[in-house]
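Peer 1: Read in the working numbering, the sequence shown has 109 at position 103, and its numbers run on one by one without any break.
Honestly, the hints are just simulated from the structure, not real lab data.
Don't take each hint at face value.
Said to hold, decoys possible - Ranges of calculated distance between the beta carbons of each label pair, as one might list FRET restraints: (1) Leu44 <-> Pro14: 33 to 43 Å; (2) His54 <-> Lys98: 50 to 60 Å; (3) Cys95 <-> Ile70: 29 to 39 Å; (4) Ala90 <-> Asn56: 44 to 54 Å.
From the three backbone atoms N, C-alpha and C, an ideal C-beta is built for every residue, glycine too.
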Amino acid sequence: MALAVYVPFPEDDSNSTNHDLETVEYAFLIIFTIETFLKIIAYGLVMHQNAYVRNGWNMLDFVIVVIGQTQRRLLLLRRVTVAAKSLNCHAKTMLAVSDVKTQLCQDGSEI
Numbered sequence: 007m008a009l010a011v012y013v014p015f016p017e018d019d020s021n022s023t024n025h026d027l028e029t030v031e032y033a034f035l036i037i038f039t040i041e042t043f044l045k046i047i048a049y050g051l052v053m054h055q056n057a058y059v060r061n062g063w064n065m066l067d068f069v070i071v072v073i074g075q076t077q078r079r080l081l082l083l084r085r086v087t088v089a090a091k092s093l094n095c096h097a098k099t100m101l102a103v104s105d106v107k108t109q110l111c112q113d114g115s116e117i
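Model the full structure from these sequences, guided by the hints.
Peer 2: Put into structure tokens, the structure is as follows:
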């Protein structure tokens, strides 16, 4: 249902509906992650006869949670990288402006 409502936009543009869907997606990811960890604690991961990964449905849940968490980590990494590039560009601009001011001051001109 959420995929039917989601409207893709170019670049990183979005609308309020897409933002709400991303919030709901994040909430469900948190819920399923907690469920996964609680089941792993309760059943054991591998060694027990009724271990978590020995059940096909649990394995499907585990794969979905891992993919969702990986997606979130990559999205966070992308945002950090974009912010770092923006900061680097801003710093270079400030240095260039500073160099121009220094050069003008050395020439005896007022800023």
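Peer 1: Now tell me if each hint is right for this structure.
Peer 2: Structure-based check of all given hints:
The beta-carbon spacing between leucine 44 and proline 14, approximately 35 Å, falls within the hinted interval of 33 to 43 Å. Separation of histidine 54 from lysine 98 is about 57 Å and conforms to the stated range, judged on CB atoms against 50 to 60 Å. Cysteine 95 and isoleucine 70 have their C-beta atoms about 38 Å apart, which keeps the hinted 29 to 39 Å range intact. Our hint of 44 to 54 Å for alanine 90 and asparagine 56 holds, since their Cβ atoms are close to 46 Å apart.
Going through the hint list in order, the structure satisfies each hint without exception.
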